[in-house]
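If you want the building blocks of each chain, they are given just below.
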Amino acid sequence: DIQMTQSPSTLSASVGDRVTITCRASQSISAWLAWYQQKPGKAPKLLIYDASNLESGVPSRFSGSRSGTEFTLIISSLQPDDFATYYCQQYNTYSVTFGGGTKVEIK
Amino acid sequence: EVQLVQSGAEVKKPGESLRISCKTSGYSFTSYWIGWVRQMPGKGLEWMGIIYPGDSDTRYSPSFLGQVTISVDKSITTAHLQWSNLKASDTAMYYCARVYSSSTKSLDYWGQGTLVTVSS
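For the protein sequence lines, the chains are A and B, in the order given. Quick note on numbering: the numbering used here labels position 77 of the first sequence as 77, and the sequence is numbered without any gaps. Quick note on numbering: the numbering used here labels position 41 of the second sequence as 41, and the sequence is numbered without any gaps.
FYI, nobody ran anything at the bench for these hints, they're computed from the structure. All values reported here derive from a predicted model rather than from experimental measurement. Among these hints, one or two may not hold up.
Claimed, not checked - Okay, derived cross-link-like pairs now, SDA-like style, lysine to any residue, Cα gap no bigger than 20 Å in a straight line:
id: 1; chain 1: A; residue 1: Lys42; chain 2: B; residue 2: Ala92
id: 2; chain 1: A; residue 1: Lys45; chain 2: B; residue 2: Lys74
id: 3; chain 1: A; residue 1: Lys39; chain 2: B; residue 2: Pro41
id: 4; chain 1: B; residue 1: Lys74; chain 2: B; residue 2: Tyr52
id: 5; chain 1: A; residue 1: Lys39; chain 2: B; residue 2: Gly42
id: 6; chain 1: B; residue 1: Lys43; chain 2: A; residue 2: Pro40
id: 7; chain 1: A; residue 1: Lys42; chain 2: B; residue 2: Gly113
id: 8; chain 1: A; residue 1: Lys45; chain 2: B; residue 2: Lys43
id: 9; chain 1: A; residue 1: Lys42; chain 2: B; residue 2: Gly8
id: 10; chain 1: A; residue 1: Lys45; chain 2: B; residue 2: Lys23
id: 11; chain 1: B; residue 1: Lys43; chain 2: A; residue 2: Ala31
Work out the full structure: start from the sequences and follow the hints.
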């Protein structure tokens, strides 16, 4: 299986901060990566697919990028609604795997 | 409107069998893969497998192969996840989700989740 190493596992930030979350794949996955946001007691919500494509209806403060096997989710200006846990997901093959998650907490 | 509505919470004993459901609507059921994702209490997301309702082609994660069965009933546009011999370690929230495409396997619509509790 392809391993996804997500960092940091926890992040403390303030409203208005620029937030960066990283996922590194254990081997090449091209751009086959998505990012999700999950709030307590709720199903995950798709934010970004194919590394950098913003899902319809997702605010433009969210963006994704790729450099080789390293993928980044950026929240340009953190809003109160953004405090949640974020997961990356690789889907290079049918053997899909998720990153371990990043919890974004209020500083 | 695309909707995936999952069956209600279950409490079972070890060794029992269980089937949970994911009723879909608002799109062509046979044209999109459906995936299942496990989330154990306080933990992250785990990919279990996907099924293509058009021909029931099913791909399991190695971790779940032989442990669960994924199926569909096209007549009622519903996907199922089934266990034949539950263990306490199967206690988790289970989500179904629609897969965007066979190449872009992101999950664009999700069910609300089914909580399965296995306890003696």
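Hint by hint, here is what the structure shows:
no.	hint	verdict
1	Lys42(A) / Ala92(B)	14 Å, holds
2	Lys45(A) / Lys74(B)	26 Å, violated
3	Lys39(A) / Pro41(B)	14 Å, holds
4	Lys74(B) / Tyr52(B)	11 Å, holds
5	Lys39(A) / Gly42(B)	12 Å, holds
6	Lys43(B) / Pro40(A)	11 Å, holds
7	Lys42(A) / Gly113(B)	8 Å, holds
8	Lys45(A) / Lys43(B)	17 Å, holds
9	Lys42(A) / Gly8(B)	15 Å, holds
10	Lys45(A) / Lys23(B)	19 Å, holds
11	Lys43(B) / Ala31(A)	26 Å, violated
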